[in-house]
Every structure is written in structure tokens, then in C-alpha cells.
Amino acid sequence: MRNKARESNAGIALSLEDIVDRLGGTLRGPGKVLIKRVASLKNAGEGDISFLSNLRYRAVLKQSRASAVILSSDTPIVTTLPTVLCENPYLYFAEVAILLAPKVALSPGRHATATVEDDARVSPLARIDAGAYVGRRTKIAAGVIVGPGCKLGDDVSIGKGTRLHANVTIYEKCSIGQRGIVHSGAVIGADGFGLAQKDGRWLKIPQTGRVVIGDDVEIGANTAIDRGALDDTIIEDGVKLDNLIQVGHNVRIGAHTAIAGCVGIAGSAIIGRHCTIGGGAVVLGHIEIADKVHISAATLITKSIRSSGTYTGAFPFDEHGRWGRTAVAIKNLAEISVRVRELEKSASTSAVRSVDAATGTGRKGK
Amino acid sequence: MRNKARESNAGIALSLEDIVDRLGGTLRGPGKVLIKRVASLKNAGEGDISFLSNLRYRAVLKQSRASAVILSSDTPIVTTLPTVLCENPYLYFAEVAILLAPKVALSPGRHATATVEDDARVSPLARIDAGAYVGRRTKIAAGVIVGPGCKLGDDVSIGKGTRLHANVTIYEKCSIGQRGIVHSGAVIGADGFGLAQKDGRWLKIPQTGRVVIGDDVEIGANTAIDRGALDDTIIEDGVKLDNLIQVGHNVRIGAHTAIAGCVGIAGSAIIGRHCTIGGGAVVLGHIEIADKVHISAATLITKSIRSSGTYTGAFPFDEHGRWGRTAVAIKNLAEISVRVRELEKSASTSAVRSVDAATGTGRKGK
Amino acid sequence: MRNKARESNAGIALSLEDIVDRLGGTLRGPGKVLIKRVASLKNAGEGDISFLSNLRYRAVLKQSRASAVILSSDTPIVTTLPTVLCENPYLYFAEVAILLAPKVALSPGRHATATVEDDARVSPLARIDAGAYVGRRTKIAAGVIVGPGCKLGDDVSIGKGTRLHANVTIYEKCSIGQRGIVHSGAVIGADGFGLAQKDGRWLKIPQTGRVVIGDDVEIGANTAIDRGALDDTIIEDGVKLDNLIQVGHNVRIGAHTAIAGCVGIAGSAIIGRHCTIGGGAVVLGHIEIADKVHISAATLITKSIRSSGTYTGAFPFDEHGRWGRTAVAIKNLAEISVRVRELEKSASTSAVRSVDAATGTGRKGK
Numbered sequence: 001m002r003n004k005a006r007e008s009n010a011g012i013a014l015s016l017e018d019i020v021d022r023l024g025g026t027l028r029g030p031g032k033v034l035i036k037r038v039a040s041l042k043n044a045g046e047g048d049i050s051f052l053s054n055l056r057y058r059a060v061l062k063q064s065r066a067s068a069v070i071l072s073s074d075t076p077i078v079t080t081l082p083t084v085l086c087e088n089p090y091l092y093f094a095e096v097a098i099l100l101a102p103k104v105a106l107s108p109g110r111h112a113t114a115t116v117e118d119d120a121r122v123s124p125l126a127r128i129d130a131g132a133y134v135g136r137r138t139k140i141a142a143g144v145i146v147g148p149g150c151k152l153g154d155d156v157s158i159g160k161g162t163r164l165h166a167n168v169t170i171y172e173k174c175s176i177g178q179r180g181i182v183h184s185g186a187v188i189g190a191d192g193f194g195l196a197q198k199d200g201r202w203l204k205i206p207q208t209g210r211v212v213i214g215d216d217v218e219i220g221a222n223t224a225i226d227r228g229a230l231d232d233t234i235i236e237d238g239v240k241l242d243n244l245i246q247v248g249h250n251v252r253i254g255a256h257t258a259i260a261g262c263v264g265i266a267g268s269a270i271i272g273r274h275c276t277i278g279g280g281a282v283v284l285g286h287i288e289i290a291d292k293v294h295i296s297a298a299t300l301i302t303k304s305i306r307s308s309g310t311y312t313g314a315f316p317f318d319e320h321g322r323w324g325r326t327a328v329a330i331k332n333l334a335e336i337s338v339r340v341r342e343l344e345k346s347a348s349t350s351a352v353r354s355v356d357a358a359t360g361t362g363r364k365g366k
Numbered sequence: 001m002r003n004k005a006r007e008s009n010a011g012i013a014l015s016l017e018d019i020v021d022r023l024g025g026t027l028r029g030p031g032k033v034l035i036k037r038v039a040s041l042k043n044a045g046e047g048d049i050s051f052l053s054n055l056r057y058r059a060v061l062k063q064s065r066a067s068a069v070i071l072s073s074d075t076p077i078v079t080t081l082p083t084v085l086c087e088n089p090y091l092y093f094a095e096v097a098i099l100l101a102p103k104v105a106l107s108p109g110r111h112a113t114a115t116v117e118d119d120a121r122v123s124p125l126a127r128i129d130a131g132a133y134v135g136r137r138t139k140i141a142a143g144v145i146v147g148p149g150c151k152l153g154d155d156v157s158i159g160k161g162t163r164l165h166a167n168v169t170i171y172e173k174c175s176i177g178q179r180g181i182v183h184s185g186a187v188i189g190a191d192g193f194g195l196a197q198k199d200g201r202w203l204k205i206p207q208t209g210r211v212v213i214g215d216d217v218e219i220g221a222n223t224a225i226d227r228g229a230l231d232d233t234i235i236e237d238g239v240k241l242d243n244l245i246q247v248g249h250n251v252r253i254g255a256h257t258a259i260a261g262c263v264g265i266a267g268s269a270i271i272g273r274h275c276t277i278g279g280g281a282v283v284l285g286h287i288e289i290a291d292k293v294h295i296s297a298a299t300l301i302t303k304s305i306r307s308s309g310t311y312t313g314a315f316p317f318d319e320h321g322r323w324g325r326t327a328v329a330i331k332n333l334a335e336i337s338v339r340v341r342e343l344e345k346s347a348s349t350s351a352v353r354s355v356d357a358a359t360g361t362g363r364k365g366k
Numbered sequence: 001m002r003n004k005a006r007e008s009n010a011g012i013a014l015s016l017e018d019i020v021d022r023l024g025g026t027l028r029g030p031g032k033v034l035i036k037r038v039a040s041l042k043n044a045g046e047g048d049i050s051f052l053s054n055l056r057y058r059a060v061l062k063q064s065r066a067s068a069v070i071l072s073s074d075t076p077i078v079t080t081l082p083t084v085l086c087e088n089p090y091l092y093f094a095e096v097a098i099l100l101a102p103k104v105a106l107s108p109g110r111h112a113t114a115t116v117e118d119d120a121r122v123s124p125l126a127r128i129d130a131g132a133y134v135g136r137r138t139k140i141a142a143g144v145i146v147g148p149g150c151k152l153g154d155d156v157s158i159g160k161g162t163r164l165h166a167n168v169t170i171y172e173k174c175s176i177g178q179r180g181i182v183h184s185g186a187v188i189g190a191d192g193f194g195l196a197q198k199d200g201r202w203l204k205i206p207q208t209g210r211v212v213i214g215d216d217v218e219i220g221a222n223t224a225i226d227r228g229a230l231d232d233t234i235i236e237d238g239v240k241l242d243n244l245i246q247v248g249h250n251v252r253i254g255a256h257t258a259i260a261g262c263v264g265i266a267g268s269a270i271i272g273r274h275c276t277i278g279g280g281a282v283v284l285g286h287i288e289i290a291d292k293v294h295i296s297a298a299t300l301i302t303k304s305i306r307s308s309g310t311y312t313g314a315f316p317f318d319e320h321g322r323w324g325r326t327a328v329a330i331k332n333l334a335e336i337s338v339r340v341r342e343l344e345k346s347a348s349t350s351a352v353r354s355v356d357a358a359t360g361t362g363r364k365g366k
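Residue numbers (our numbering), protein chains in the order written: chain A, 1 to 366; chain B, 1 to 366; chain C, 1 to 366.
Because the hints were derived from the structure by calculation, they are not lab data. Mixed in with the good hints there might be a few duds.
Because identical chains cannot be distinguished in the list, a pair is counted as satisfied if it fits within a single copy or across any two copies.
With a straight-line Cα cutoff of 20 angstroms, these simulated EDC-like cross-link-like pairs (lysine to aspartate or glutamate) come out [stated by the list, open to error]: (1) K345 with D318; (2) K103 with D155; (3) K139 with E342; (4) K303 with E319; (5) K204 with E117; (6) K36 with D199; (7) K62 with E117; (8) K345 with E46; (9) K292 with E342; (10) K103 with D18; (11) K36 with D215; (12) K160 with E46; (13) K139 with D154; (14) K331 with E319; (15) K139 with D119; (16) K204 with E17; (17) K204 with E87; (18) K204 with D237; (19) K292 with D199; (20) K331 with D318; (21) K36 with E335; (22) K345 with E335; (23) K198 with E344; (24) K62 with D118.
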């Protein structure tokens with residue numbers, strides 16, 4: 001199972017000079033060296049450019065067979081490899097990666113096995129893949145790829161250049177903006193979990209809102225975004241959602257917020273802009289989270305967060321036996337807390353008392 | 001991205017009088033006003049009925065352009081809008097929503113691109129959508145909708161009026177009752193996680209049970225319910241499951257229990273009737289939970305719960321720096337607990353001692 | 001909703017003697033009895049073999065109508081049923097179940113509604129089901145089943161005897177070894193969550209690695225395994241993944257590790273061999289976990305684990321009111337910890353002081 005990703009990743013080639021011309025940075029060493037791919041320091045070979053942003057990996061750099069490397073302008077590291085110096089090596093690397101990435105050639109058209117309803121409005125510059133279904137009055141803009149097996153309900157709208165990978169489902173009336181990416185298994189627009197109780201049974205409340213997704217949004221594999229109950233569920237521009245995320249009805253996620261895998265966001269929560277949420281976190285319903293809030297992994301957010309900052313709430317793990325003793329103490333913690341207060345009271349009394357004793361004025365001594 | 005859900009939600013229209021005739025409640029104001037839709041107070045316009053169940057939102061009511069509003073009989077609020085007074089505004093609203101919801105007109109038949117095995121027994125009153133697959137001997141009752149791309153194995157049974165949205169998968173021999181709703185990406189009947197260890201390797205135990213689902217059950221997007229190992233996994237009548245829930249093999253979920261998104265229920269757990277489980281909670285295997293138990297979000301249930309009530313176990317979140325100090329203290333908690341006990345012992349000794357000192361009978365003083 | 005799984009599980013039949021001949025163990029009672037199925041003690045009937053590994057269930061054994069039972073060699077239990085004694089009844093039972101399981105008869109060929117690209121290399125001994133899609137240059141070995149609705153990108157490789165259940169998605173260039181099982185809704189090879197920040201927006205880093213999966217791997221329903229950013233995401237031989245698991249880019253999971261449902265593993269985490277991870281656990285990125293580490297359910301792993309053992313970190317649940325008091329105390333825990341230290345200091349001072357008082361040398365007394 002050796003790593004061969006590198007070999008099969010054929011893109012375009014640029015000289016190191018060309019790259020610096022386009023992206024900035026300072027060149028150290030020969031600029032004619034040809035760069036074809038980005039690669040990790042460990043697996044890089046001829047034609048590969050790599051980067052180092054953490055001094056921890058400097059030993060790997062020494063061993064690397066990369067054709068060039070991206071380093072921080074203020075790095076203390078000396079290397080014989082052709083180098084680009086820049087402010088943020090990771091970002092620079094990302095930009096090189098984008099530059100070199102093979103462009104997916106879009107051959108428009110619709111596959112013979114796809115079903116497109118007569119009154120769907122599909123751009124002749126869009127591609128509809130095998131086994132896809134496009135509902136009535138659904139609009140598919142130019143440059144859109146509807147992957148194999150995708151199912152789009154009636155009155156859906158997909159903006160220019162958006163790509164739906166295989167087996168995506170989009171319910172009726174939902175819309176996605178331009179340049180979006182939706183990964184396989186994602187479900188957009190299923191009914192929100194809206195129930196009212198009547199005589200011990202659950203009454204389903206019709207979910208008549210939509211999901212409205214902005215531009216430049218990426219949605220991970222098997223992520224689910226529910227339609228609004230009455231008003232819409234809204235995902236603003238530039239939001240990035242990882243895999244297996246649950247977004248409840250009437251949630252609003254602010255622009256340029258990024259959310260890691262396995263997060264659950266309950267109904268009507270409002271998440272600010274430029275936030276990040278770590279994997280496995282849970283946000284309760286009807287909560288508001290300010291802009292630029294960072295929530296750590298596996299944290300449960302139970303009330304609104306009004307100011308920017310980082311918030312955490314996870315139980316620290318431990319060796320199992322030690323954890324067991326901690327868990328017992330946790331269950332008694334409120335009581336321990338009371339006992340500490342008692343001790344403090346009696347300590348101050350006892351201090352008084354021993355002073356009294358020493359001076360011969362103790363109550364007991366009377 | 002303005003909210004236009006309202007405009008595209010065309011249903012039937014009823015006068016306010018008609019509504020009160022059907023659903024009860026007390027009418028205040030003109031009964032002839034025509035109601036076409038339900039809407040939130042904020043987005044309501046002409047023809048919309050809204051509701052207010054929380055006094056917090058009374059300011060929004062003042063601004064609302066709704067044609068009518070549902071209020072609690074004992075509300076202190078005064079409004080000029082036509083009003084229905086009732087006991088439970090949220091429930092009343094749900095019932096109006098159901099009344100006004102556009103009925104999906106089912107045009108039976110099977111799409112040309114669907115595959116239905118010859119010996120499947122599909123009611124002529126059912127609909128099989130594009131790209132669906134229906135296995136051998138599978139029974140599809142009247143009024144059933146099998147959405148586009150659904151895959152039903154052999155010997156499956158789907159009861160009257162149940163709707164499978166697009167891309168649902170149901171493995172062989174599983175059954176769903178009447179009036180069910182299954183959302184896209186749900187997987188019913190995959191193998192349970194049954195493994196035995198042999199010489200450091202895992203032996204897969206054939207999973208020969210089924211999933212048996214009752215009537216009036218709703219299953220959310222991308223939720224997975226595993227088939228039983230030997231006996232069946234059972235979901236009783238009226239159960240409501242949200243999105244991205246994992247139900248292990250041989251679990252039984254009691255009637256009218258509702259479970260929020262991202263919950264994991266391990267194998268052979270037995271959940272009672274009329275329970276609720278909050279988002280992201282985890283229930284360990286072979287546990288029994290009584291009827292009418294409410295489990296809070298993100299709570300881990302490690303042992304059986306024998307009596308009705310609410311159970312919680314989540315770590316309270318905090319500003320990250322403060323949390324870090326708490327986490328350190330948690331790791332030392334068992335020890336802190338011991339130290340408090342020591343202090344208590346020595347405090348009682350010292351109390352004795354200072355009394356002794358004051359009375360001149362201290363041991364040290366001897 | 002009575003349990004009828006048993007009735008519809010027709011396999012082969014073996015005498016108890018035959019079974020002991022093949023699998024070992026000691027026979028007690030008549031060896032001619034015919035065994036057709038495995039079943040739970042509770043639901044077993046004629047022709048069924050069951051097992052008991054926990055003395056708790058001995059009452060169920062007394063009531064059982066099984067034709068035979070598997071017990072531990074050192075069991076204190078006496079039964080009139082024909083018995084096989086062995087070291088590990090659960091494992092023995094698993095082996096009998098495998099022996100008796102009906103073999104899926106594979107009828108090779110491709111369904112008329114499947115789409116297979118011209119240059120795909122599909123073994124004539126493989127089966128491609130209804131509505132499946134097989135991309136360019138993709139290799140499908142002998143004995144493979146590609147279930148209905150599966151979508152395989154270009155340059156995918158599926159090893160001998162592997163079964164993909166319905167609606168599995170595999171992105172381009174990913175590979176799966178031999179004898180694998182992939183359940184419905186699983187997504188293999190979606191883009192990793194690789195983002196760099198530029199002026200408050202997220203730049204997507206092209207994900208050019210692959211997912212490389214070894215032999216004898218099982219992947220649960222709706223589980224997602226992301227492709228590597230540069231190098232590959234690697235799942236070694238014999239790994240078992242349950243449902244709804246998220247595996248980030250560049251993760252490596254060591255051979256024979258088993259992971260329960262709803263687990264999230266962030267990018268570049270390295271999990272050892274022969275590990276187990278409980279349901280709902282979260283492993284942060286760039287962490288290394290040694291071989292034979294066992295992580296309990298709902299535990300967050302925030303740093304590398306260097307030695308084998310069991311690790312836990314979940315908050316113990318409690319009745320909600322009690323939990324509320326605990327939660328308040330937790331928020332003050334760092335402070336409580338400080339106060340205990342203060343008490344200890346003052347207790348030692350006060351001990352000195354009361355000794356001083358008793359001996360007439362107290363500072364205050366001067």
C-alpha cells in the first residue's frame with residue numbers, strides 16, 4: 001500500500017520564477033526549476049514543491065527530494081533547495097496548489113440515463129450525469145455539474161459553476177449559489193424536526209420554508225441541512241461545512257464560518273460570521289453566537305455567546321481507572337463544594353477560637 | 001437572499017371562522033378574514049396566520065402584518081389583529097398548518113427508468129419514481145411513494161401511505177408500517193456491528209435479524225438503523241427520529257419516543273415509550289431506559305435508567321482559558337476530594353485541640 | 001410486530017456432530033440433532049443452536065426451546081439440552097453462524113440500467129447492479145458486487161470478492177482491497193477539509209491524495225472517509241468501521257482496529273493496530289495513538305497516547321437537578337482547588353497556632 005498519489009496527479013507545469021511572478025514572495029536559488037505538483041516534504045520528488053511551516057519538521061526537510069520549498073521569510077532554517085520565502089508558507093502553498101491543480105474539463109450535456117423534467121431550465125453549458133434526476137421548473141446554470149445519481153426536486157436552483165458530486169439530494173424549492181461544491185450523500189432540504197405534542201403523540205408540523213445557500217459554499221459528505229419550518233434555513237456566502245454535520249431548521253450560518261465534521265446545530269440557532277466550530281460540537285436551538293467565535297471540538301453550547309473569543313467545554317480524558325475515581329468525585333462535586341465552604345467557615349471560627357484560647361477569652365473557656 | 005418561502009407556499013384557503021369551527025378555540029374579531037398560510041410573526045403578510053407562545057416576542061407581534069394570530073387564552077397581550085384564543089397556541093398552530101398544507105397529489109405509476117423485479121408486489125396505487133429499484137417479492141402498499149433513486153432489497157414491505165424521499169436504502173426483509181416518512185440518505189437494515197475476536201482479528205457475525213418499523217414513524221436524513229444480529233431491531237409506532245442518528249442492532253425504541261439529531265444508540269439498548277433524547281447524546285449498549293425518560297443533549301448514558309425523569313451529563317462550556325484551569329482541576333479532582341476529607345478530619349481534631357487548649361486539657365499541653 | 005426473522009433465515013443444515021468435527025469443542029448429548037440456524041436463547045426453536053456466555057441469562061436458558069446450546073467448558077450450569085462445551089462460547093457461536101449462513105449466490109453480469117464506461121475493466125465474474133455507474137479505467141475484480149445505485153469515479157479499484165451495498169459512492173482513484181464490505185450511503189474519497197485563510201475568506205486547498213483501503217475491511221452505513229490532501233488516507237487490513245463515522249484526510253487506521261458508530265477522527269490522526277474506539281468518541285487531528293489502545297465511548301482525545309491501555313473522558317450523567325448543581329461547581333472548580341490549598345496552609349498554621357496557644361507561646365498571645 002505505498003503512496004502513489006503523486007504519480008497520478010498530472011497537472012500543468014510552471015517554473016519557480018513564474019510562480020513567484022504570479023504569487024509574490026522572494027526567490028532563493030535557481031528560478032528555472034520546473035514545478036508540476038505540490039507534495040508533502042516526505043513524499044515530494046522531482047517536479048514537486050513542498051512547504052514547511054512548523055520547525056518540528058525540519059529534519060524531514062533535510063531528507064526531502066522536493067524540487068523547491070516554501071519557507072517563512074523569518075525562518076532560521078538553511079536549506080540547499082530552491083526556496084520561496086514568504087509571510088505565510090501554508091497559504092502560499094495553498095495558492096500554488098490551486099495554480100497547479102488540473103482543471104476539470106467540463107463537457108456539457110446530459111447523460112442518456114439522466115431524467116430531466118420537460119419544464120426544467122438546464123443551461124446548455126451544464127452537465128447532467130448518469131442516473132441524475134432534475135425536477136420540474138428546476139434551474140441549472142452554466143458550468144454546473146450534477147453528478148451521477150443526484151436527485152433534485154422541483155423548483156430547485158443551482159448557481160453558475162457549482163458542482164454536485166455523486167448521490168447528492170436536494171429537496172424542492174432549495175437553492176444554492178455560485179461556485180459551490182456539494183459532496184456525495186449530502187441532503188439539503190429535508191424536513192426540520194418540527195413536532196407538537198397532542199395527547200402523548202407527536203403531530204408533524206409541515207415544514208414549508210426552504211434552504212437558501214449563498215455563493216462559494218462547500219458542503220461535506222453526508223451532511224444534512226434541513227429546510228425551514230416557516231422561514232428559511234440560511235447558509236451565507238463562503239461558509240465551509242465538513243462531513244456528517246446536522247443543520248436544523250431555521251438555522252442561519254454567517255458568512256465565512258467553517259464547521260468541522262460531526263457537528264450538530266439545533267433548530268433556529270444563529271451562528272455569526274467568521275466563526276469556527278470544532279468537530280463533534282453541539283449547538284442547542286434558539287441560541288445566538290456572535291461573529292468571530294471559536295468553539296472547540298466536542299463542546300456543547302447551551303446558551304448564547306455575545307462576544308468574540310474561544311469557548312471550550314470538553315471533559316479531559318484520562319487513564320480509565322483514574323477517570324473512574326474522577327467521575328465519582330464529580331458526582332459529589334456540589335457537595336464537596338459545600339464542604340469546602342463549611343471548612344472555611346469553621347477555619348475562621350477556629351482561628352478566632354484559638355486566638356480566644358490564647359488570650360483566654362474563648363467562649364468555651366468562659 | 002431575502003426570504004420568499006411564503007410566496008411559493010400555495011395551499012388552500014379557509015376563513016378564520018372555518019378554522020375555529022374545525023379546531024375549536026375562541027374567536028376575537030372578524031371571522032371572515034381569509035387564511036391561506038401559516039407564517040412566522042416576522043414574515044407574515046396578508047392571508048397568513050401566526051402565533052405567539054412566548055411573551056418575549058410580543059414586540060414582534062406589534063410589528064406583524066399577519067391577518068390573524070393565535071394566542072393563549074390567558075394571555076395578558078392586547079392586539080388589534082383578529083385572534084384565536086386557545087389553550088396551547090403552538091399545538092393549535094401546528095393543527096392549522098396541517099389543515100392548510102398543500103396535499104401532495106399522488107399520481108400512481110412507475111417511472112420508465114425505475115427497475116421493479118417481476119415478482120415484486122406493487123400496488124397500482126403506489127408511485128415508483130425515476131431510478132428506483134424494488135427487489136424480489138417486495139410489497140409496496142397503496143399510496144406509497146418510492147422516491148427517485150431509492151433502493152429496496154428483496155422481501156421488503158412498505159405499508160399504506162408511507163413516503164420514501166429520494167435516495168433511501170432499505171435492505172432485504174425489513175419492513176415499515178403505514179403513514180411513515182423516510183428522508184433521503186436514510187439506510188435501514190445494514191448489518192449490525194457484530195464482531196468476535198479470534199487471534200487478534202475480527203470475525204464478522206452474520207446479521208440475520210431484520211428492522212421492523214411500526215406505523216406513523218418518521219426517519220430523518222442520513223439516519224442509519226441496523227438490522228438485528230439474530231432477533232429484530234424494532235422501532236415502535238409513532239417514533240420520530242431526526243437526522244444522522246445511529247441505531248445499533250437489536251435496539252428497541254418504544255412508541256412515541258422522539259430522538260434529536262446526531263444521537264448514537266448502541267446495540268441491544270431498550271428505550272422506553274414517550275421518551276425524548278437530545279441531540280448528540282449517546283446511549284451505550286444493553287441498557288434499558290424506562291418510559292417517559294428525557295435525556296439532555298450531548299449526554300452519555302452508561303447505565304440503565306429505571307425511573308421517569310430528566311437526566312443530564314454534559315460538561316458546561318466556558319471561556320477557553322478558564323476551561324483550561326478547570327480541566328487541570330478535574331484531573332486532580334479525586335485527589336482534591338481526599339484532601340477535603342483530610343481537612344475535615346484535622347479540623348475536627350483541631351477543634352478538639354483548641355478546646356483542649358482553652359480549657360488547659362490539650363494533649364500537647366500535658 | 002412479533003419476531004419472525006428466524007423463519008425466513010433458511011440456510012444449510014448440519015448435525016451437531018458435524019459442527020464439533022469442524023470447529024472443535026466437546027459434545028454433550030445426542031450428536032445427531034440437526035442444526036439449521038443460530039438464534040437467541042429467547043427466540044430459538046427446533047433446528048436452532050444458541051449460546052450463553054453470561055450467567056445472568058441462565059433463567060432464559062431454562063425456558064429455551066433451542067435444539068442445542070453452546071456453553072463455556074467451565075460453566076456451572078446444568079442443562080438437559082444437547083450441548084457443545086468450548087472455551088469461548090461467543091466466538092464459537094460466531095463460527096457456527098458463519099458456517100450456517102446462506103451463501104449469497106453471485107450471478108455475474110451487469111444490469112441493463114447500469115452505466116459502465118467503455119474503458120472500465122470489469123471482471124466477467126463481477127456483478128454490476130441496477131443504476132450503478134462505473135467510471136473510466138476503473139477496475140472491478142472477480143466476485144465483486146457493485147450494488148444498485150453505487151457510483152464509482154474514474155480510476156477506482158475494487159479487489160476480489162468485495163461487496164458494495166446499494167448507494168455507495170467512491171470518488172476517483174480510491175481503492176479497496178479484497179473481501180471488503182461497504183454499506184449503503186458510505187462515501188469514500190470526498191475532499192478533505194483543507195482550507196487556508198486569506199483576508200478573512202477560506203481558500204480551498206485541492207485534495208489530490210487518495211483513500212487506500214486494505215483487505216477484509218468493513219465500512220458502515222453513511223460513514224465518510226476523506227481522500228488525502230497530498231498523501232493518502234490509509235485504512236489497513238482488517239479494520240472494521242461502524243456507521244456514521246467521519247475519517248478526515250490523511251488519517252491512518254492501523255490493522256484490525258474496530259471503531260464504533262458516530263466517531264469523528266480529524267485530519268492526519270494516526271491510529272494504531274488492534275485498537276478499539278467507542279461510539280461518539282472524537283480524535284483530534286495530528287494525534288498519534290499507540291497499538292492496542294482502547295478509547296471509551298464519547299471520549300475526546302486531545303493529545304497523543306503513547307502506551308496501550310484504556311482511556312476515558314466522559315461526563316457522568318445524573319438526575320438533571322443534581323447535574324445542574326454539579327455544573328455550577330465545575331465552573332468554580334479551579335477556584336475551589338485554590339481554596340482547598342489555602343485551607344491546607346491555614347490548617348497547618350492553625351495547628352501550630354493552637355499548639356502555641358496551648359503551650360502559651362502563640363504569636364498573638366505575645
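Going down the list of hints, with the structure as the test:
1. Proximity of K345 and D318 under a CA criterion of 20 angstroms is satisfied in neither setting, with 34 angstroms inside one chain copy and 29 angstroms between copies.
2. In the homo-oligomer, the alpha carbons of K103 and D155 lie at most 20 angstroms apart only across protomers (17 angstroms), although the nearest pairing inside one protomer, at 30 angstroms, exceeds that limit.
3. In the homo-oligomer, the alpha carbons of K139 and E342 never lie at most 20 angstroms apart, since the shortest distance is 70 angstroms inside one protomer and 70 angstroms across protomers.
4. Proximity of K303 and E319 under a CA criterion of 20 angstroms is satisfied inter-copy only: 13 angstroms between copies versus 31 angstroms inside one chain copy.
5. When the C-alpha separation of K204 and E117 is checked against a cutoff of 20 angstroms, the pair qualifies neither within a copy, at 30 angstroms, nor between copies, at 34 angstroms.
6. Within a single copy, K36 and D199 get their C-alpha atoms no closer than 67 angstroms, and across copies no closer than 27 angstroms, so neither meets the 20 angstroms cut-off.
7. In this assembly of identical chains, K62 and E117 lie within 20 angstroms of each other by CA distance neither inside one copy nor across copies; the values are 59 angstroms within and 44 angstroms between.
8. Taking the shortest alpha-carbon separations for K345 and E46, neither the intra-copy value of 73 angstroms nor the inter-copy value of 65 angstroms comes in at or below 20 angstroms.
9. Taking CA atoms no more than 20 angstroms apart as the test, K292 paired with E342 passes in neither setting, with 42 angstroms inside one copy and 38 angstroms between copies.
10. When the C-alpha separation of K103 and D18 is checked against a cutoff of 20 angstroms, the pair qualifies only within one copy, where the shortest distance is 18 angstroms, while the shortest distance between copies is 60 angstroms.
11. Proximity of K36 and D215 under a CA criterion of 20 angstroms is satisfied in neither setting, with 30 angstroms inside one chain copy and 33 angstroms between copies.
12. In this homomeric assembly, K160 and E46 never come within 20 angstroms of each other (Cα to Cα): the closest approach is 37 angstroms inside a single copy and 34 angstroms across copies.
13. Proximity of K139 and D154 under a CA criterion of 20 angstroms is satisfied intra-copy only: 9 angstroms inside one chain copy versus 28 angstroms between copies.
14. Both within a single protomer and between protomers do K331 and E319 lie at most 20 angstroms apart by alpha-carbon distance, with minima of 18 angstroms and 10 angstroms respectively.
15. Taking the shortest Cα distances, K139 and D119 sit within 20 angstroms of each other inside one copy (9 angstroms), while across copies they are farther apart (33 angstroms).
16. For the homomeric pair K204 and E17, neither the shortest alpha-carbon distance inside one copy (63 angstroms) nor that between copies (24 angstroms) is at most 20 angstroms.
17. Within a single copy, K204 and E87 get their C-alpha atoms only as close as 55 angstroms, which misses the 20 angstroms cut-off; across copies the closest is 19 angstroms, which meets it.
18. Proximity of K204 and D237 under a CA criterion of 20 angstroms is satisfied inter-copy only: 14 angstroms between copies versus 31 angstroms inside one chain copy.
19. With identical chains, the CA atoms of K292 and D199 are at most 20 angstroms apart between copies only, with a shortest distance of 14 angstroms across copies and 44 angstroms within one.
20. In the homo-oligomer, the alpha carbons of K331 and D318 lie at most 20 angstroms apart both inside one protomer (17 angstroms) and across protomers (8 angstroms), since each shortest distance falls under that limit.
21. In this assembly of identical chains, K36 and E335 lie within 20 angstroms of each other by CA distance neither inside one copy nor across copies; the values are 65 angstroms within and 57 angstroms between.
22. In this homomeric assembly, K345 and E335 come within 20 angstroms of each other (Cα to Cα) both inside a single copy, at 15 angstroms, and across copies, at 16 angstroms.
23. Taking identical chains as interchangeable, the C-alpha atoms of K198 and E344 are never at most 20 angstroms apart, the minima being 52 angstroms within one chain and 53 angstroms between chains.
24. In this assembly of identical chains, K62 and D118 lie within 20 angstroms of each other by CA distance neither inside one copy nor across copies; the values are 62 angstroms within and 46 angstroms between.
Consistency with the previously given hints fails for numbers 1, 3, 5, 6, 7, 8, 9, 11, 12, 16, 21, 23, 24, ordered from lowest to highest.
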